[in-house]
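Student: The primary structure of each chain is shown beneath.
Number of protein chains: 4
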Amino acid sequence: MRILFIGDVVGQLGLSLIQHYVPELKRQLKPQVTIVNGENIADGKGITEKLYKALLQAGTDVVTLGNHAFRKRDIMDFIDGAKKMVRPANFPAGVPGQGYTIVNVNQTKLAVLNLQGRVFLDAIDDPFTKADEVLAEIKQITPLVFVDFHGEVTSEKLALAYYLDGQVAAVIGTHTHVQTNDARILPKGTAFLTDVGMTGSYEGILGVKKEPVIHNFLTKLPARFEPIETGAGQLGACYIDIKDDTGVATKIKTIRIDKDFPLEV
Amino acid sequence: MRILFIGDVVGQLGLSLIQHYVPELKRQLKPQVTIVNGENIADGKGITEKLYKALLQAGTDVVTLGNHAFRKRDIMDFIDGAKKMVRPANFPAGVPGQGYTIVNVNQTKLAVLNLQGRVFLDAIDDPFTKADEVLAEIKQITPLVFVDFHGEVTSEKLALAYYLDGQVAAVIGTHTHVQTNDARILPKGTAFLTDVGMTGSYEGILGVKKEPVIHNFLTKLPARFEPIETGAGQLGACYIDIKDDTGVATKIKTIRIDKDFPLEV
Amino acid sequence: MRILFIGDVVGQLGLSLIQHYVPELKRQLKPQVTIVNGENIADGKGITEKLYKALLQAGTDVVTLGNHAFRKRDIMDFIDGAKKMVRPANFPAGVPGQGYTIVNVNQTKLAVLNLQGRVFLDAIDDPFTKADEVLAEIKQITPLVFVDFHGEVTSEKLALAYYLDGQVAAVIGTHTHVQTNDARILPKGTAFLTDVGMTGSYEGILGVKKEPVIHNFLTKLPARFEPIETGAGQLGACYIDIKDDTGVATKIKTIRIDKDFPLEV
Amino acid sequence: MRILFIGDVVGQLGLSLIQHYVPELKRQLKPQVTIVNGENIADGKGITEKLYKALLQAGTDVVTLGNHAFRKRDIMDFIDGAKKMVRPANFPAGVPGQGYTIVNVNQTKLAVLNLQGRVFLDAIDDPFTKADEVLAEIKQITPLVFVDFHGEVTSEKLALAYYLDGQVAAVIGTHTHVQTNDARILPKGTAFLTDVGMTGSYEGILGVKKEPVIHNFLTKLPARFEPIETGAGQLGACYIDIKDDTGVATKIKTIRIDKDFPLEV
Ligand SMILES: [Fe+2]
Ligand SMILES: [Fe+2]
Ligand SMILES: [Fe+2]
Ligand SMILES: [Fe+2]
Ligand SMILES: [Fe+2]
Ligand SMILES: [Fe+2]
Ligand SMILES: [Fe+2]
Ligand SMILES: [Fe+2]
Chain L
304 MRILFIGDVV GQLGLSLIQH YVPELKRQLK PQVTIVNGEN IADGKGITEK LYKALLQAGT
364 DVVTLGNHAF RKRDIMDFID GAKKMVRPAN FPAGVPGQGY TIVNVNQTKL AVLNLQGRVF
424 LDAIDDPFTK ADEVLAEIKQ ITPLVFVDFH GEVTSEKLAL AYYLDGQVAA VIGTHTHVQT
484 NDARILPKGT AFLTDVGMTG SYEGILGVKK EPVIHNFLTK LPARFEPIET GAGQLGACYI
544 DIKDDTGVAT KIKTIRIDKD FPLEV
Chain H
304 MRILFIGDVV GQLGLSLIQH YVPELKRQLK PQVTIVNGEN IADGKGITEK LYKALLQAGT
364 DVVTLGNHAF RKRDIMDFID GAKKMVRPAN FPAGVPGQGY TIVNVNQTKL AVLNLQGRVF
424 LDAIDDPFTK ADEVLAEIKQ ITPLVFVDFH GEVTSEKLAL AYYLDGQVAA VIGTHTHVQT
484 NDARILPKGT AFLTDVGMTG SYEGILGVKK EPVIHNFLTK LPARFEPIET GAGQLGACYI
544 DIKDDTGVAT KIKTIRIDKD FPLEV
Chain C
304 MRILFIGDVV GQLGLSLIQH YVPELKRQLK PQVTIVNGEN IADGKGITEK LYKALLQAGT
364 DVVTLGNHAF RKRDIMDFID GAKKMVRPAN FPAGVPGQGY TIVNVNQTKL AVLNLQGRVF
424 LDAIDDPFTK ADEVLAEIKQ ITPLVFVDFH GEVTSEKLAL AYYLDGQVAA VIGTHTHVQT
484 NDARILPKGT AFLTDVGMTG SYEGILGVKK EPVIHNFLTK LPARFEPIET GAGQLGACYI
544 DIKDDTGVAT KIKTIRIDKD FPLEV
Chain Z
304 MRILFIGDVV GQLGLSLIQH YVPELKRQLK PQVTIVNGEN IADGKGITEK LYKALLQAGT
364 DVVTLGNHAF RKRDIMDFID GAKKMVRPAN FPAGVPGQGY TIVNVNQTKL AVLNLQGRVF
424 LDAIDDPFTK ADEVLAEIKQ ITPLVFVDFH GEVTSEKLAL AYYLDGQVAA VIGTHTHVQT
484 NDARILPKGT AFLTDVGMTG SYEGILGVKK EPVIHNFLTK LPARFEPIET GAGQLGACYI
544 DIKDDTGVAT KIKTIRIDKD FPLEV
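Chains as they are written, first to last, in this note's numbering: chain L, 304 to 568; chain H, 304 to 568; chain C, 304 to 568; chain Z, 304 to 568.
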């Protein structure tokens, strides 16, 4: 099975890039499953039902989230019905939404699990312990598991990947919005990438206008960060090939599309 | 002028990799200047005079540092005499050591400036303002400036790079120990890379043994993080070509050497 | 000279308490100068011109601020004309507003200086170095200096107080909204109190409704914190007696007014 | 039942103050139970078996801990046998030691529970959820519960106290080393105090020498913080009266002993 994973989609420009490139990437790469992190699609923070549906419409099978999952209020109105959307599984008990979902691929099933780091992020539940807990459930259903680990620091991401090495097909990081150049397969067969990068403007800072970010660093005055919605775009992604029987990865490759690196997979 | 820059050297294994690969990289790439971040060379935290000299001996022209600069006590005994070593320029006034140094390259001079971010790191002086201040000095001497910006988060690194775009040849990030895949030249000519990566063990977490890191995440008990000193290594680097007259970059390219990506520049 | 200082006024209820108790406290204590921290007066975060004037109207001589100083947009419209208002002096150069102001008291002058800590707060400029810088200016005008040090942690507040001991009449902490029980005069004559406490609801958490705060701790979902505007109130204050010639403190005493401790100075 | 609780004992000087004042405080106040926070007794960070026994010897019934609980290595050798010592109950599962202990007082039993906050402290398990879990166990044994809540910020401490209001006799904060002036009984009968303060030197900063603390703020260079072991001392404490049948508090009063406030309860 081949999985295509695309990192944090920022704003309308990010959605346009998904709509533009996903069909082309699917044509070239022929993934069985396409997963997109959508935590920044609504004005840079959060997601709405309309945008969730637009992502599915554009060819996405599963939408993952992160620390901005609950920023738009109306998520509460649709999250429990959004069967193809996952928020970090280690949010405290009682929080709406699901931490993983199952995708049917021919005769097999792929579990897509979302977890969130805690270093320099909110103190939600421990992602390591939660992974153990949730994997025990998932393994009743399927041995094939993809993990979007939404986190800030490199050490936590690699630590979780080693911790789950051999138990899941892939641990791919999101949140920093910058793709890392360390794609590899760990000793026991888990594909790993510290961060897959973002999808949105290529001209700002992490998808938002650069002037307010710089002004905030210079003055420490409150700032409003707005997605850039026009101009050059970028798309950060990777694909992973996994064995359908064991769930072990055989290949991981990053994809960077922008004006410096035009699409040529 | 071509500059070769190599990221955070961790422990003795990191030093061996420098000793092994720097001659080969110089042969192939023919850089005029070789710069190495050495903040983790002494047992993973800090630097000693002996190790500083070993880096120079191995072909390094300038050693940059970061948040671990002052972790080994004996740095106080040699830092003021270490003319080829720079610590972040935005440490408060009165702190020993220098924030930049000048390297003579034929008829030209290259300034090597070290700055440190403040997001999720110590509250030292503002790197943006300090950059303005120090560049005013440097520009009296030379228009060619290389910046090692040691920082945790992607937004701060790119913000500083845009802030200095056109004024310096390159802003290259260090500290996260994971190379990013976003090398580019910004609109006004500054080469940028969020993080160049590290040099040391390929088998642990950021150069140190993985078991204590994972144990610490699971238990929150105090842990001692030790560099891995044997086994497979990795080297994270990049090279930048700059115009000797204007100091503008014309090319930036990352280098990743490890068993998955053997040396072939 | 006697100085009355009242801590962080939260919302309309906080303002009512000021209007109610300041006249009575003045009658009983006969302070020459009354200073009030107003960073939370506008809906819990920030200040408006109308509320600034209401504080002056209620008998306040100087309004100090803190990390929420710039939260309401319209501060930009009046801050430069607000001669009796100070924001932390260690905001970066170029930020509107003033860090200290001078109050005339009979034949003498009192400087009121606002500084902000950096531990667990924004990385603005170093308050220690800034204090040196600003005091050099102030001492040209008057030896009498009152400092509102807005900070999170106890160690930073006491460290600054010791650092300034003998140079200023008082270092009084704000920001935690809980009055501490450690009022004292340091060896060289500076009065010190880690935190003076807040003025607003006695029934919530730091002046705001408790249910959203608890819900946020339990779920880590975004929450809106709103001041409680009715019901029982509390007022946190202290007064300091200083020598008009040397600016050294001779007495410091805390004032806590709430239903458990009704006003009886 | 009357409970005497004494805050963070720092170093040998802290122990001497316990040895000196506990007998006198017991004589005057006649508490049935004496509890002491000992997380800083061993050189300012952690505890050893010898010092644990010295605290018991000095008249302590239970020793509570906090974020420094595990700083001295030898705690691992005696923690599981230390029946009168508790470490924060919300350390992850599998961590040695106990989170609460039961003290027999005539015909009744008092549970002493230690919890730790997470704001600006390590991301251990959620203290709110853990409190629910542990109280369900404790309530099988006794309705009388004392909580030492070790935390940094005022909001988290008061939030937990309101959350447990009516279920426990007292929530008393530790960790900031500065006693607060907000002792009260919450609406449903739980006694609350944001922080009880510390026991150790009166002349330094939180019990340690002030010069290295100030130097660290000025330079951001690494510093070694050492307890002050001679000179003037201070003791921070409180006592709480609770009803033996319902476990509701009827009185809470702070005690501050230092040269400015000599012992006179
Ligand atoms: Fe994101
Ligand atoms: Fe995120
Ligand atoms: Fe490093
Ligand atoms: Fe570093
Ligand atoms: Fe405040
Ligand atoms: Fe504040
Ligand atoms: Fe403590
Ligand atoms: Fe503590």
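Be aware that a few hints might be false.
Treat identical chains as interchangeable: a pair holds within one or across any two.
As the list claims (entries may be wrong) - Okay, derived cross-link-like pairs now, DSS-like style, lysine-lysine, Cα gap no bigger than 27 Å in a straight line:
hint	residue 1	residue 2
1	K512	K554
2	K562	K375
3	K442	K562
4	K329	K554
Bear in mind the hints are in silico, worked out from the structure with no lab data behind them.
Student: Hint by hint, note whether the structure agrees.
Tutor: Here is how each hint holds up against the structure:
1. In the homo-oligomer, the alpha carbons of K512 and K554 lie at most 27 Å apart only across protomers (25 Å), although the nearest pairing inside one protomer, at 35 Å, exceeds that limit.
2. Taking the shortest Cα distances, K562 and K375 never come within 27 Å of each other, neither inside one copy (31 Å) nor across copies (40 Å).
3. When the C-alpha separation of K442 and K562 is checked against a cutoff of 27 Å, the pair qualifies neither within a copy, at 42 Å, nor between copies, at 32 Å.
4. In this assembly of identical chains, the alpha carbons of K329 and K554 lie at most 27 Å apart only when taken from the same copy (17 Å versus 32 Å across copies).
Against the hints set out earlier in the document, violations occur for numbers 2 and 3.
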